[in-house]
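Enquirer: Residues per chain are reported as follows:
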Amino acid sequence: MSSTDAVQSPVSRPAALSLGDDALILSHRLGEWAGHAPVLEEEVALANIALDLLGQARVLLSLTGDEDELAFLREERSFRNLQLVEQPNGDFAHTIARQLYFSFHQHELYTELAAGDGPFAPLAAKAVKETAYHRDHAEQWTLRLGDGTQESRARMRTALDALWKYTGEMFQPVEGIEGVDWAALEDRWLAAVGGVLERAGLALPEGPRTGAWAAGAGRQGLHTESFGRLLAEMQHLHRSHPGASW
Amino acid sequence: MVTEQAPGAAEAVTRLEAELAELAGSVPDPELPVLSLAELGVMRGVRMYEDGHVEVTLTPTYTGCPAIEAMSADIERVLTGHGIPDVRVRTVLAPAWSTDDISAEGRRKLAEFGIAPPRPHAAGGPVPVALSVRCPNCGSTDTELLSRFSSTACKALRRCTACREPFDHFKEL
Chain A
1 MSSTDAVQSP
11 VSRPAALSLG
21 DDALILSHRL
31 GEWAGHAPVL
41 EEEVALANIA
51 LDLLGQARVL
61 LSLTGDEDEL
71 AFLREERSFR
81 NLQLVEQPNG
91 DFAHTIARQL
101 YFSFHQHELY
111 TELAAGDGPF
121 APLAAKAVKE
131 TAYHRDHAEQ
141 WTLRLGDGTQ
151 ESRARMRTAL
161 DALWKYTGEM
171 FQPVEGIEGV
181 DWAALEDRWL
191 AAVGGVLERA
201 GLALPEGPRT
211 GAWAAGAGRQ
221 GLHTESFGRL
231 LAEMQHLHRS
241 HPGASW
Chain B
1 MVTEQAPGAA
11 EAVTRLEAEL
21 AELAGSVPDP
31 ELPVLSLAEL
41 GVMRGVRMYE
51 DGHVEVTLTP
61 TYTGCPAIEA
71 MSADIERVLT
81 GHGIPDVRVR
91 TVLAPAWSTD
101 DISAEGRRKL
111 AEFGIAPPRP
121 HAAGGPVPVA
131 LSVRCPNCGS
141 TDTELLSRFS
151 STACKALRRC
161 TACREPFDHF
171 KEL
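Heads up: the sequence lines are chains A and B, in that order.
Residue numbers 1 to 246, in my numbering, belong to the letters of the first sequence in order.
Residue numbers 1 to 173, in my numbering, belong to the letters of the second sequence in order.
Treat the hints as calculated values from the structure; they're not laboratory data.
Cβ atoms here follow ideal geometry from the backbone N, Cα and C, with glycine treated the same way.
A hint or two may mislead.
Examples of chain B residues lying across from chain A (beta carbon under 10 Å, computed) [as the list claims (entries may be wrong)]:
#1 Met48
#2 Gly52
#3 Val78
#4 Thr80
#5 Thr91
#6 Ala96
#7 Trp97
#8 Arg148
#9 Leu157
#10 Ala162
#11 Cys163
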């Protein structure tokens with residue numbers, strides 16, 4: 001069967017896990033919308049974004065080990081994803097706020113990785129074309145909800161505020177990723193997300209961008225309460241039926 | 001990541017390799033069977049090694065495209081049927097596939113099949129040329145976007161405001 005590109009340059013395991021787990025866990029969260037999205041078109045859109053992320057996760061995890069073992073057999077403390085991506089879907093506004101925060105970050109980061117010559121450049125060059133659509137999707141919905149009814153606007157405001165404390169972690173340097181100016185990345189992200197929110201009649205939330213824990217906690221394997229339940233659902237089938245196939 | 005030159009760049013393609021490349025390239029896309037893999041532009045090369053195994057390099061349209069496994073299996077089946085005992089399909093990401101890799105014939109077939117073909121990218125830029133998307137049913141350029149994502153990751157859903165028919169648009173990547 002097919003195999004993915006062999007890798008010549010050494011890949012940092014923490015870096016591959018960090019990027020791979022972000023994509024994997026957000027993909028799983030978005031997949032939870034299947035059968036529950038507000039309209040059929042949105043159901044399809046969220047599933048497609050989840051599929052893009054799953055494809056990225058498979059490539060990234062395969063750079064540092066067996067993708068199935070890494071996805072299904074690791075314990076919670078071994079996952080290095082951002083706490084942002086594991087946050088529950090909440091109402092639709094929460095999902096869109098999470099997409100807005102993450103997709104603008106991922107797009108900026110992948111743009112930078114694609115321009116370099118590190119081990120993630122080929123994947124980033126490929127994925128950045130996909131994340132451009134994810135970013136656009138989140139932006140269009142943010143404009144629509146922010147500039148919609150009183151109800152949609154209030155929900156979007158609540159969601160943006162609730163997730164704000166998880167955004168600081170996105171700009172903590174990731175072990176093993178070289179050549180990224182994280183402070184500049186953060187500035188560009190603030191400008192871009194701030195611009196969208198302004199056009200939506202909203203504004204960047206105020207308040208701290210980290211919780212009571214240190215920013216970067218997810219990258220160290222510290223996760224929030226709902227993450228255990230996510231893993232239980234994601235890993236259950238593989239652990240109950242080792243080696244099962246279609 | 002290995003970004004080997006396609007066979008032929010560094011060394012001459014043998015007649016057998018060219019013949020196998022044509023065979024592998026003629027395999028229909030599993031999701032858009034009107035297109036061959038060659039027309040879709042995902043075939044990167046076929047190389048025969050001294051020990052007799054043949055390696056086909058293939059690039060996915062989207063990173064998560066589930067069709068890549070069906071493509072690999074179909075290529076293996078076709079080449080094995082042609083007498084090659086050991087066929088290996090390798091997936092490469094770089095350089096990234098673009099909708100500009102779809103051949104002119106491929107675009108024509110897409111439109112004929114009812115899917116608006118992707119617009120070409122502006123030279124040197126990632127932004128598609130801002131042309132309107134033409135309805136594959138009635139030819140009107142008066143069409144509107146319904147959803148950026150459609151039946152597969154590579155398509156967007158649009159509607160023609162002239163003939164009112166919804167249709168898929170192979171979106172630019």
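Enquirer: The structure should be examined with respect to each hint, and the outcome stated for every one.
Expert: Hints versus structure:
Look at methionine 48 of chain B: its Cβ only gets to about 18 Å from chain A, farther than 10 Å, so that hint breaks. Hint on glycine 52 of chain B is violated. Least Cβ distance to chain A is approximately 19 Å, over the 10 Å limit. At its closest, the beta carbon of valine 78 of chain B sits 15 Å from a beta carbon of chain A; the interface hint therefore is violated under the 10 Å criterion. The restraint placing threonine 80 of chain B at the interface with chain A is violated, with a minimum CB-CB distance near 13 Å, outside the 10 Å limit.
At a threshold of 10 Å, the smallest CB-CB gap from threonine 91 of chain B to chain A is about 5 Å, leaving the interface hint in force. Proximity of alanine 96 of chain B to chain A holds as hinted, the smallest CB-CB distance being about 4 Å (cut-off 10 Å). Evaluation of the tryptophan 97 of chain B hint against chain A yields a held restraint, the C-beta minimum of about 8 Å falling below 10 Å. The beta carbon of arginine 148 of chain B comes within 6 Å of a beta carbon in chain A, closer than 10 Å, and the hint placing it at the interface holds.
Because the beta carbon of leucine 157 of chain B sits about 6 Å from the nearest beta carbon in chain A, less than 10 Å, this interface hint is met. At about 21 Å, the closest approach between the beta carbon of alanine 162 of chain B and any beta carbon in chain A exceeds 10 Å, and the interface hint on this residue is violated. Given hint, cysteine 163 of chain B at the interface with chain A, is violated; its Cβ is 20 Å from that chain's nearest Cβ, farther than 10 Å.
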